[in-house]
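Now for the letters of each chain:
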Amino acid sequence: MSAGPDDRGFDLSPLDRCFGGGVPAVMTTVAVDGTPNVTYLSRAHRVDEERIALSNQFMSKTSRNLASNPAANLLLLDPTTMAEYRLRLRYERTERRGPVFERLRDDVDAIAAHTHMEDVFRLRAAAVFRVVSVERTNDLGLFDADPRPADRDGRELGAMAELATRLGRSDDLDVVVDTVLDGLVGLFGFAHVHLLLLDESGRTLFTIASRGFDAESIGSEVQLGAGLVGMVASRGRSARIGDLNQMAKYTERVRQEFAAEGVESERAVPMPGLPGAKSRIAVPAMALGQVVGVLVADRVESVAFTETDEQVLGVVASMLASAIEHARSVVVEDDAPPIRAAPVTIAPPTDPRESPTVVRYFVADGSVFLDAGYLIKGVAGRILWKLLREHIDTGRVDFTNRELRLDPALELPEVKDNLESRLVLLKRRLDEREAPIRMERTGRGQFRLHVSTPLRIETRDA
Amino acid sequence: MIDPQVMAVFAPGSGLVAGLVDHDGEPLSTRAWSVVFLPGSTDRIRVVLADDGEHLTPHLVGTRMALTGSDVETYVSRQVKGEVQTVDDATPEDRREMAIQSRTFMQKVHDVDGNPVEILERMVTGRVKVVEMVVDEIFDQTPGPGAGVEIGSSR
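If you read the protein sequences in the order shown, they are chains A and B.
Start counting at 1 in the first sequence, then tack on 27, and there's your number in our numbering.
Oh and the second sequence: position 60 is 44 in our numbering, straight run, nothing missing.
Keep in mind that the hints were calculated from the coordinates and are not lab data.
Accuracy of the hints is not assured; some may be wrong.
What the hints assert, rightly or not - Derived DEER-like restraints, expressed as beta-carbon distance ranges:
1) A/Val390 x B/Ile103: 33 to 43 Å
2) B/Val133 x A/Gln250: 30 to 40 Å
3) A/Ser87 x B/His43: 28 to 38 Å
4) A/Glu430 x B/Pro100: 30 to 40 Å
As the list claims (entries may be wrong) - Some, not all, of what chain B presents toward chain A, calculated at C-beta under 7 Å:
5) Pro(-4)
6) Gly(-3)
7) Val1
8) Gly3
9) Glu10
10) Leu12
11) Gly46
12) Arg48
13) Thr52
14) Thr109
15) Gly130
To be verified - Some residues of chain B that are not near chain A, with every Cβ distance over 10 Å (derived):
16) Thr14
17) Arg15
18) Thr47
19) Glu57
20) Asp72
21) Ala74
22) Ile84
23) Asp95
24) Asp97
25) Ile103
26) Gly136
Note that beta-carbon positions come from the ideal geometry of N, C-alpha and C, so glycine has one too.
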């Protein structure tokens, strides 16, 4: 089968998964003397219905050939069905700025960020080609069918409406977070998702909730700009990686080749995620032009996330960001009424014969350990320490957000203090650790501490 | 001129792709399913190439061809180039070699990347041609700063 463009151009959409980076593409060019050059390319990008773009990373021979002969031939493989396509191409131009260049640069930067090879992987140029013809090289018969459901768009619109309704009924940050993550799993089929929120300093993202992971992840942190998630937050643009395994192999080889020439890169630091995941997508949650957090989804299959998935996550992330901002503003407004004494409830006595839980607090970074295990640090750690000291000194169990907000010892910023996010993080971390200390929301801006064992608290200066 | 280190990159289990010149002078990419270094020769290889599009015709004789072999796990790659000497249908021996080498390749991809072998088998095309080529140039094709560097030539 071979086809040229009709009046409306090509329909390259059946090749979508070929452009996901799951299997390297194969490119042939021919030199002036008639000698071909064949090379692997980590990923080809679809620009429009009749153009594709390739990142010019290590293609010196290919570039030289194209300068004298613009004809090229590309093999693309669909990693799901193994359908293979041969594209005849004509080199048109090289771009060093503009939307196509930006798109390819985001892709290269995502790879670089994920593997901490920002010093090596930098897009210098994007080569744009016109597609002259498309040929299927293998006929797979029944296996050709697209395994994805055909009525995807319709179902997702309904799911989006349902999620919007559920969000509309969510009355605080804790519920908003659960509603979105449960919706992504139950309504959209994203089985493994993380939600990270930007902290009050605007420099660090912390995981506030996840679904589909065995390992503890609540509270894990990513610096703004670092790794794939940090890059997505700093740029406010989403990123999709089609095959983490291929990418890791490729970047490790390039790292070793550079190392052989005396150029060392920082070792890759794997981001916590689904073991064995090949596909990852990260989408910024933005409201009023500001990044609030990042939604991350993983799948074991190669090139599992489509453009539609990216759009769905993008809409959900926007709804989430708006809901979070709204929840925060409502709570802050509720804090405004005149100060009145918080209701004091005395805790029921714990059994003194029970061996106490040792709570260690490190002043330097606000980190808190329960017995030998790390629990939390920073603002959330300082909050917990304040609550526990108050509880031990007075027996109080009921607290308000407002009294925390007014406590200078917590070092909350005056604007956008992120207190509600920190309280949700603390509550979830205590739940995740099945700690003998738990928090329960008792009303808007109010919560109760539940302590089920005697406590012994220790303060360390360093 | 082909030393054992280069031959190792084309051993069964490697990913093999070929670049040729089509009958109208256009570049042509295809997959190779086996490479045999012919006994008694230091530079002649016999390559089984996928040809479902029926591009591989006798016009190739006298044209140049490039063949890249890559380690599936490490991406260490070499490219050999040379002139096509013959274009033939596959013999039973070629088909046996192709079966062995393609099976080894798919098993290695399965071991390294986790893809099911029964899905990978769909890559293997029914129609093939066999070309013999005399290698006169060898290049390092490993991704990185050394990609494209010539490491052997008799041209």
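Now for the hints, and whether the structure bears them out:
1. A/Val390 x B/Ile103: 33 to 43 Å: Given range 33 to 43 Å: violated, Cβ gap about 57 Å.
2. B/Val133 x A/Gln250: 30 to 40 Å: Holds: the Cβ-Cβ distance is about 37 Å, inside 30 to 40 Å.
3. A/Ser87 x B/His43: 28 to 38 Å: 29 Å Cβ-Cβ, so the 28 to 38 Å window holds.
4. A/Glu430 x B/Pro100: 30 to 40 Å: violated (59 Å)
5. Pro(-4): Violated. Min distance 19 Å.
6. Gly(-3): It is violated, given that the least Cβ distance between B/Gly(-3) and chain A is near 15 Å, above 7 Å.
7. Val1: With a minimum Cβ separation of about 5 Å from chain A (threshold 7 Å), the hint on B/Val1 holds.
8. Gly3: Where the cut-off is 7 Å and the nearest Cβ of chain A is about 3 Å from B/Gly3, the hint holds.
9. Glu10: holds (5 Å)
10. Leu12: holds (5 Å)
11. Gly46: violated (10 Å)
12. Arg48: holds (5 Å)
13. Thr52: holds (5 Å)
14. Thr109: This hint holds: B/Thr109 lies near chain A, its Cβ roughly 5 Å from the closest one there, short of 7 Å.
15. Gly130: holds (6 Å)
16. Thr14: violated (7 Å)
17. Arg15: violated (7 Å)
18. Thr47: violated (7 Å)
19. Glu57: Incorrect as stated: the minimum Cβ-Cβ distance to chain A is 7 Å, not above 10 Å.
20. Asp72: holds (20 Å)
21. Ala74: holds (17 Å)
22. Ile84: The assertion about B/Ile84 holds, with a minimum of 20 Å to chain A.
23. Asp95: holds (12 Å)
24. Asp97: The claim is violated: B/Asp97 sits with its nearest Cβ about 6 Å from chain A, within 10 Å.
25. Ile103: violated (6 Å)
26. Gly136: holds (15 Å)
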